[in-house]
Structure formats: structure tokens, C-alpha cells
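K.L.:
Combine both chains into one complex, guided by the hints.
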Amino acid sequence: MAAVHDDHAHGHGHGHEHGHDDHAHGPPKGMMRWLTTTNHKDIGTMYLWFSFSMFIVGGLMAFGIRAELFQPGMQLMTPEFFNSLTTNHGLIMVFGAIMPAFVGFANWQVPMMIGAPDMAFARMNNWSFWLLPPAALLLVAAFFVPGGAGAGGWTFYPPLSVQMGMGMDMMIFAVHILGASSIMGSINIITTILNMRAPGMTLMKMPLFVWTWLITAYLLVLVMPVLAGTVTMLLTDRHFGTNFFNAAGGGDPIMFQHIFWFFGHPEVYIMILPAFGIVSEILPTFSRKPLFGYSSMVYATASIAILSCVVWAHHMFTVGMPVTAQLFFMYATMLIAVPTGVKVFNWTATMWQGSMSFETPMLFAIGFIFLFTIGGFSGVVCAVVPVDIQVQETYYVIAHFHYVLVSGSLFALFGGVYYWLPKWTGHMYDESLGKLHFWMSMVFFNVTFFVQHFLGLAGMPRRVPDYALQFADFNMISSIGAFGFGLSQLIFLAAVVKCIRGGKKAEAKPWEGATTLEWDLPSPAPYHSWVTPPVVK
Amino acid sequence: MSVVQANTTMMKKLLIVSVAMFGFGFALIPLYEKICEVAGVNNLLNADTLTGNVQVDTSRWLTVELDANTRGLPWQFKPMQASVRIHPGELVEVMYEVRNNSDREVAGQAIPSYSPQLLAQHLKKLECFCFTRQVLKPNEVRQMPVQFMIEPSLPDDVRVMTISYTFFELSNDLVDTGGKAKPI
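Going down the list, the protein sequences come from chains A and B. The letter at position 153 of the first sequence is residue 153 when you use our numbering, and the numbering goes up by one with no holes. The letter at position 156 of the second sequence is residue 156 when you use our numbering, and the numbering goes up by one with no holes.
Chain B extracted, bound-state conformation (with noise of 0.2 Å):
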């Protein structure tokens, strides 16, 4: 084989390896995914379990605000109040209400949002709308509820935390938030 023709197959070979590599790039994002749900990170889409007994602690007060928004889905969106003012170990339901305002049926999936970050660790939610994808039907209303606990483990410092929302529009039956969504 003349140079030139080793030359040609190896561009070829190395071609075909950048173009897989490209291709690599994008199969990380379902592998991410795997993995993600493999070691329970991010595992928005399941319900907290209470494991033993809480003592409700009295002597402090949070302040949980809560907050609600859309991206492109022609939905109204909103908490039926503002905020909250509980105590840690306390098991708490607050309610959000959904309003489809298209004359279409919509499937839209809500992600969470915390903040201070560190909330995460400590918010254990019994039952959330954002564990399922809600189907509306044209102009239809619905409330939802969402049940959490925080820790009293939370720090002394945190006085005020917000939990937010945010619904987006799924097409037909995907459901991509990482981990398996489980009917209630």
C-alpha cells in the first residue's frame, strides 16, 4: 500500500472516530440520566418516606414561601397562598392551583426549585403534583396539593426558604426528569 493510500484510510478511520465521538457527546445526556437514577441524585419524581418518629419543634418558626411559574405552556399557575409559617417536624399541606387556560389538552410536568440549596436535604415531601406529569383538558382547573415535612435537623440559621415551581410542557407520553415516575 502506497503512503498515500495509508494515509487516506487512516483520515478515514480517524474521521469515523471523531463523528462517533460527537455522537458520544449527545449519548452522555441519556447516560447521565442512568446514572443519576442509579445512585438516587436527583430523584425529583419520587416520594420522601418518614422513617420513625419526629418531634415537631415549638419553639422555632419558618417562614416557607412558595412560588409558582410556567415556561412556555398556556397555563396559569399559582399557590393559593402566599407563604406558610411552620414549625420544623411539622407535617404541612399547602395547595397550588392550575388553570388551562388553551382550548387544547395539555400535559405539562412541574419542577422543583429550592432555595437556600441546602432545603433540599431537608425537605421530605409525602405527596407532590410535580411526581406525575398533570394532564389538563381544555380550560380546565385543578388543585393540587403538596405535602412536605421539614427536618428539624434544618440549621437555626434558616429562617425563610421559598419553594418554587415550575411547569413545562410535555409532548405526548415523555417524561424525561430523571427516575421513574410512580403514580400515587
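One chain only, chain A, in its complex shape (with noise of 0.2 Å):
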């Protein structure tokens, strides 16, 4: 994709400052550019920040998993706190660490791919953001009163989540925060993309990681508000005297699992699609060839995101529905083999022949390729309907979920950080930390979570804090490999910051087969960025 631009867009970010003398200062100085900064740089840096820090919390509540986990027997904590434990971990992860990851990605890159100055709504995305901090505390926080915070799991299936104490409200509350804070960042993108793409950039010309993002972003605006709907059933049930989910009152708790799935299962897609993005930047760069099959990964976008809206109840194949609509959800499931088939088979065909070359951004898009499939293949097996009511709630779901949420969405994170990193720092990051971190995270990932597919086929139920003896050696190794995976992650924190405070200067285009309008810009971004649109042919 070639662009032709004005030259002071290109070589020098303040070039413009006769011409807009509103636009022509720099970002103010100290807290006050982070609390009122409507540029969609320094919000996607503080996006991404947040994601990491919740990364790193959820982090820590997974450790204290696997260390309960680590033998037999009750060890380190009460059952109820190991409850919490894994619902926080779930929540925090997904609606923390994962969805602010991808928005911040959105805000960095969607701007600069498509040649726009900035997103559409520059302040509702500063007010997006900072809704997260204070649903971030909610969730911290409901630990520390009375009755702990939300233990019934992250899917908060009543009558559980019906009966808890104050923690369950808080995790409500921040439910709803992040909910909005979503919409609204959906919002923003779906716009910018919409509206302000550069002239010649037809929505076919798009890069594909814009592409996923569009569709995601119209995922969210489509099912986010379906979620808020169910919290607050969750919330009237609680304190309102409504019956939506009591069953003593006649509602139905089977009910509130149709209506969280229903949200919860395009939700899945919400956290891999932009990952397919990524990675589909990431592999034609270091592959020095186009994007294998562009328009068939378009439509296998559209039609992964079209199909999870119908597939939700293979996640409750065991509360007892008519034999018809198992096997409608059963196949409904299976179909979405197919699209991803075809992204899969696209990203291996882009690298066939390719002049490939593994710095680290690739080993992670390969490492995700490979990965992200056996969490596909395991996921098509829960898909049938007997071998799912062998399986579920045990640790076998929680492989499944595990290969294509960390091997793939956070892998396609890790792998899109190194990849932008020069564009954003200005400064190339440490190859030989990133190889490391990427090897290390590759073999504890595994050693992890692999191990728990046996688990799962032997019956280790998910949720326990304790375990038949059987199951104990296994539990040893995921659990050495879990504590692996977390320190591995402080190699890749040294790596960024080695990065952000110096390091080779980066150039425009530090890699030979990039293609995409960012990389027209100079290194570091200016900050601010296509201020005059470049012309795409």
C-alpha cells in the first residue's frame, strides 16, 4: 500500500504549527497530560499500561491458584478465598487485562493504519479510559469486605451470585463501568474507521487489523449491552425483589446462563479476532509477502463473528435442552471451523516461500498459529455434544480456554508490542530479551496447560481447591509451569521499559517487509500523526 503525502506530516511532527496553532503544542508536562489527554497515543499508552498492571494482578491470583493447587490437601487458604481467587482471575483477566489490551492497540494503531490525526471522539476516549481505574478497584477492593469479593465463579451464574455478600455488588458495579466504558470505545472506533479513513483508502484496502477491529467493535456495540441487561436482572434479583433468576420466585436460573451466554460467547471472539488481526500484519512482514487470500480472511472475519452470535448454549450443553437444539448448537459450533480453517490455512500459505525471518513479533505469530490451533481442535471436540458432557466444568475446558485465550490472544498482544514497539518508543527493543521471554513463555505455556487437557479427561473438576490423590502429580508439573510462565513475564516487562528508555534508534520502517501507513510515519510517531491525509492509491 503506497501512500503519497505532504512532506511535514512525514519528517517532522511539528512542521503543521503555523497552520493550527491549536493543535501546535506539545503534550502539557506531569499528571495533568495523562488525566486530560484526548490523544489517542497517550491514551492507548495508558490503556495499555492498565492492562498490564491488571495482567499482572490477575497474575498474582493465579499464582495463589497453583499454589493451593500445588499438592493435595488444603494448604495456603480457605476454599471460599480460592473461589475468589479463580472468579477474579477470570474477570480480571477478560475485562482487564485482555479487552483494554486490544482497545489500546485500536487507539495506537487504527489512527495511524488508516491515515487519520486522531480518533473521532478524542474526549469520550479519555472518559473510556478512565472509567477502568475505578472498576479495577471495585474488583480489588470486594476482597477486603465483609464476605469477600465474588466467588461464583466469573460467569457469575446465580443462585450463586444471587445469594453473596456486598463483594458480589462491587463486581456488578464494575461489570457495568467496563461495559460502558467498552460501548463507548467501540463507539469511537467504529467511527474513526467509518469516517475518517485516508482518501483511496477503500474499506478493501484497510489493513486487516483495522478489519477485526471493525468487526469486533460492532460485536461489542452488539452484545456489551446484553451483559449490562443481565448484571442488572442480577442486581434487581438481589436487592429489587424481582424473580428474573429465582427459581423459588418463578424465575429461572437456567435462564440467566441463555442470556450470559449469549453475551458471552461472542465475547470470546471480541478477545481473538483482533488477535487475528495482529498476527495477520505480523506474518505477511516477516514473510516479505502479501497477506495470503486478504478479501476470504475479510469474510472469515465477518462470518466467525456472524456465527458466534448463534452458537452460545454449547457452554451449557448439560442443563438438560431438547436433543434438537444440542444438535443445532453442536453443529452451529462445528461451522465455525470452517472460517477459522480458512484464516489458518491463509497464515500458513502467507509464509509458504516466504524470505522468512524470526524476530521475536514472528516467533509469537507462529507461536499463536500453532498454539491458537490446538486450543481450535480441543475446542471442536468440546463442541460434541456427549464428549462435552464428559468434559465440562473440568480442567479440560479449562485447557480449551487457556490455548486460545493466552497462547492466543495474549501471545498475538505480546507479538504486536514488539512489532509496534519501534514505531512507538522510537528505539528498537532488545532482540535477545524478547527471543527469551518469547522461548520461556513458550515452554512454561505449555508445560502449564497442557498437562490439564489429562486432568480434564480423567475428571479433575475445575473450581476445587483440593483434589483426589490421582490427580497430583500432574497438578505439580502445571503448577511448576505456571509459576515459570508468570516470572517469564518480567523478562518482557524489562524488555519494554529497557525499550521506552533507550536502545537502538528505530527507523521509519525498521522492517523490511512492512507495508501498512504507520510506517510511513517517523520513529518515534509524532504525536500527532497524518495531520494532512495521506493519498492512498
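Hints should not be assumed to be uniformly reliable.
[To be verified] A few chain B positions that, by computed beta-carbon distances, are all more than 10 Å from chain A:
| # | residue |
| --- | --- |
| 1 | N43 |
| 2 | Q55 |
| 3 | R71 |
| 4 | I86 |
| 5 | R99 |
| 6 | S113 |
[As the list claims (entries may be wrong)] Taking CB as the label site, the calculated pair distances span:
| # | chain 1 | residue 1 | chain 2 | residue 2 | range |
| --- | --- | --- | --- | --- | --- |
| 7 | B | E90 | A | P159 | 50 to 58 Å |
| 8 | B | Q121 | A | W439 | 52 to 60 Å |
| 9 | B | V38 | A | P199 | 51 to 59 Å |
| 10 | A | A458 | B | S153 | 41 to 49 Å |
Derived by calculation from the structure, the hints in this document are not laboratory data. C-beta atoms are modelled at their ideal positions from N, C-alpha and C, and glycine is treated no differently.
P.N.:
Listed below in C-alpha cells is the structure:
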């Protein structure tokens, strides 16, 4: 994609000073810069640091979980606290770490990749970020109120979620706030992409990362309000005498599961589609070939998004639904493997006969394809009703969704950070630190989660602080892997901090195979970029 | 149209979608009930019918424990006997007694619950006070029957089971437990 653009957007970020006085100043100094900023790059940075800190918080909870499960028997904590840990580990990783991280990427990259000067609604952008810290505070503070934090699982199924103490209310409010933030973020992203593309950039010329985020943002606008409605019903059931989910009041707890997963399944794709986008940017760059099957990638993303809205009940095959419903949801679920297969095929074909090099982003992208595909396959296994009835609520499911969320979403995020760090900071990251981070993560991730397949197939239930003796060995292996995986992330932090502080000066286009618009900007990207839009041929 | 105007229009549209989807979440509830009704799932208000002859299996004894609860209404509700010993295939009738302790008229609906869960597939109820709403005058006492049969297809390893009812208050003429209430 070649861009012809005005010279002063290119070489020197302040070249437009004379034209627009109100935009000419740099950022204010100190704390006020971050509190009041409307700059998409600042907000993107804040999103990324916020999600990293939540990643550490959620990671510490996982640390606690794996420490308790290191040996059979109760060693470190009460069962209630253990349940709070599993519940909040899930919630924080999903809503605090993975989703904000992708929004951070969207903030940084979408305007630069489509040639827009900023996001469409810059003030709303600031607000959608600053809603996050209070929500995170509510989630963490819930641990210190009487009754402790929510402990009914991150899916807050009734009846547990209707009965718990005020920790559950704090969780519900946190979800409300996070949902509002996500909806505002999505509205912003959709509007930016649809209305603010550079002249000549038709929809089918957009980089795939932008495409996947456009579709993701639509999914968010569709399902986040449903989640908000669901938790509102929980709240009124708890405090205002309604009986939506209370069987002893004419309600139905199974209905909660239907409504929750109507949101919950698209949510899974909200967390993976932008990852698909990042990988689809990294692979062509380091294969030095255009992405294979661009338009089929777009259509596959859209089909995954549409299908994701009609498969929710595969999360609840054991609640007792008619066989026809089970069959429908089983076949619909398996159907998703087709567009996903198209994607994996296209990624492989992109690498085929490419002039590949294996810098850290590429390693993470290939690791993503390898491990995400394993997670995808165990997903197809879980889609088969009789098998699912066997593995429901076991560690097999835990292994499955960590393969798609950790080695899927998280690996893509890592790859994306290394890929764009030179553009963000103006320095090259330390390649050997990056590679060390990749290999440590790769090895310890598999040590942690591969054995959980065996645990699940052998029947170990999830969300238990203690287990039967025959599961002891695999649990110890898994715990050792988890400690190693957690500590490996300190290497990531070190690599990022080192890169921000200095390092080899990055060129405008540090990767020779890169083609998208952001590489036409200097590194680091100027505070205001594409003030004069580029023209895309 | 300037970009700012176009953006505002887009934001309005998307906000409308968000609000509509918030409403859709609530609309899922009547939709869910309708689907359950059409699909015949969760039809708690309809009596079962016996088809053909069922052989009583006198070689097996089952203990059915009876349980009664109220939730948020001023009634006293109890089974007339704590449990019954029956054979699979045998038609049994048990009685429950409910008393309105308040000085106002109260309408209640009972909702059943079975343990173990698979009992639901093998329990045939020909008559139950839970099929209709019960309206009790101030201080009225009523004895109500449940007529049921447990099919011999019930797995052998299930020997003791519980049938439980919980009464909750209905406001006026509202029946919202799925399915149409049929007076018996």
C-alpha cells in the first residue's frame, strides 16, 4: 500500500505549527497530561499500561490458585478465598487485561493505519479509559469487604450470585462500568474507521488489523448491552425483589445462562478477532509477502462474528435442553471451524515460500498459530455433545480456553507489542530479551496447560481447591509451569522498559517487509500524526 | 456533510443500537418463555397423561421424601406425611396442607423441584396443586393432593428421592412460570 502525502507530516511532527495553532503545542507536563489527554497515542499508552498492571494482578491470583493446587490437601487458603481467586482471575484477565489491551492497540494503531489524525471522539476516548481504574478498584477492593470478593465463578451464575455478600454487588458495578467503557470505545473505533479513513483507502484496502477491530467493535456494541442488562437483572434480583433467576420465585436460573452466554460467546471472539488482526499484520511483514487471501480473511472474520452469535448454548449442554437444540448448537459450533480453518490456511500460505526471518514478533505469531490451532481443535472436541457432557466443568475446558486466550490472544498481544514498539518508542527493543521472553513463555505455557488436558480427561473438576490423589503429579507439573510462565513475564516488562529508555534508534520502517501506513511516519510516531491525510493509491 | 457531523450521526446511530440491545436483553425473557412453551420444555403447569398399561414393579421399593417451602408469603405449608414408601409403577396420592396465616387474601404458585435431577424424566404427575395458582382467604386452611407415579424405567440405583415444592406469592392474576395454566 503506497501512500503519497504531504512532506511535513512525514519528517517533522511540528511542521504544521503555523497552520493550526491550537494543535501546535506538545503535551502538557506531569500528571495533567495523562488525566486530560485526548491524544489517541497517550490514551493507547494508558490502556496498555493499565492492562499490563491488571495482567500482573490477575497473574498474582493465578499464582495463588496454582500454589494451593501444587499439592493435594488444603495448605494456603480457605476454599472461599480460593473461589474468589478463580472468579476474579477470570474476570480481571478478560475485562481488565485482554480487552483493554486490544483497545490500547486500536487507539495507537487504527488512526495511524488508516491515515486519520486522531480518534473520532477524542474526549469520549479519554472518558472510556478513565472509567477503567475505578472498575478495577471495585474488583480488587471487593476482597476486603465482609464476605469477600465474588466467588461464584467469573460467569456469576445464579443462585450463587444472588446469594453472595456485597463483594458481588461491587463485581456487578464493576462489570457495568467496564461495559460502558467498552461500548464507548467501540462506538469511537467504528466511527473512526468508517468516517476518517484517508482518501483512497477503501474498506477493502484497510489493513486486516483495522478490519478485525471494525468487526469486533460491532460485536461489542451488540452484546455488551446484553451483559449490562443481565447484571442489572442480577442486581434487582438481589436487592429489589424481582425474581428473574430465582426458581423459588417463578424465575429460572437456566435462563441466566442463556442470556449470559448470548453475550459470553461473542465475547470470546471479541478477545480473539483483534489477535487475528495483529497476526495478519506480523506474518506478511516477516514473510516478505503480501497476506495470502486478503478478502477471504475479511469474509472469514465476518462469518466468525455472525456465527458466534448463534452458538452460545454449547457452554451449557448439560443443563437439560432438547436434543434438537443440542444438535443445532453442536453443528453451528463446528461450523465456526470452517472460517477459522480458512484463516489458519491463509496464514500458513502466507509463510509458504516466503523469505522468512524470525524476529520476536514473528516468533509470537508462529507460536500463536501453532498453539491457537491446538486450542481450536480442543474446541471442536468440546463441541461434540456427548464428549462435552463428559468434560463439562473439568480441567479439559480450562486447558482449552487457556490455549485460545493465553497462547491465542495474549501471544498475539505480545507479538504486536514487539512489532510496534519501535514505532511507539523510537527505539529497537532488545532482540535477545524478546526471544528469551518468547521461548520461556512458550515452554512454560505448555508445561502449565498441556497437562491440564489429561487432568480434565481423567475427571478433575475445575474450581476446586483440593483434589483426589491421582491428580497430584500433573497438578504439580502444571503449578511449576505456571510459576515459570508468570516469572517469564518479568522479562517482557524488562524488555519494554529497556526499549522505552533507549536502545538502537529505530528507523521509520524498521521491518523491511512492512507495508502499512504507520511505517510511513517517523519513529517514534509524532504526537500528532497524519494531520494532512495521506493519499492511498 | 463535514466529518464532525458525520461522526455525530454515526455516534447517535450506534448509541441507539446499544440501547436497543440493552432492551433486547430483557426481551429475551418473554422470548425464552415462549420458546420453552413451544418446545414443551419446562412445562410445569401441565398434567402428565398415562399412556398404556404400566406394570407395577413390586420387587422394588422406593422412598419418596416430601418437602415444602414458602418464599416471601405468609403461609404455613407442609406435607401431611414426611415420606412415602412406594413401588415403581404404582399410582400414589399424597396430601399437602397450606394455611394462610395473614388476614388478607393471598395468591400463591408452587414450583416443584426434584432430587435427584433425573427423577423429573420418570415422574408422571396426574394431578398437582402446583398446576394452578392457589388463592387462600384470610386464615384459610386447605389440603391439596398430588397424584403421581414413578415409572419403572427409573434406574435401579435410585432408591431415595425428594419431591419439593416452594410457594411464592403471585401478584393478582400473574402466572409467569411458562406454559398455560389449565384449571383441572
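K.L.:
Could you run down the list of hints and mark each one as holding or not?
P.N.:
To see whether the hints hold, each was checked on the structure:
no.: 1; hint: N43; in the structure: holds, 12 Å
no.: 2; hint: Q55; in the structure: holds, 27 Å
no.: 3; hint: R71; in the structure: violated, 4 Å
no.: 4; hint: I86; in the structure: holds, 25 Å
no.: 5; hint: R99; in the structure: holds, 19 Å
no.: 6; hint: S113; in the structure: violated, 7 Å
no.: 7; hint: B:E90 to A:P159: 50 to 58 Å; in the structure: violated, 34 Å
no.: 8; hint: B:Q121 to A:W439: 52 to 60 Å; in the structure: holds, 53 Å
no.: 9; hint: B:V38 to A:P199: 51 to 59 Å; in the structure: holds, 53 Å
no.: 10; hint: A:A458 to B:S153: 41 to 49 Å; in the structure: violated, 31 Å
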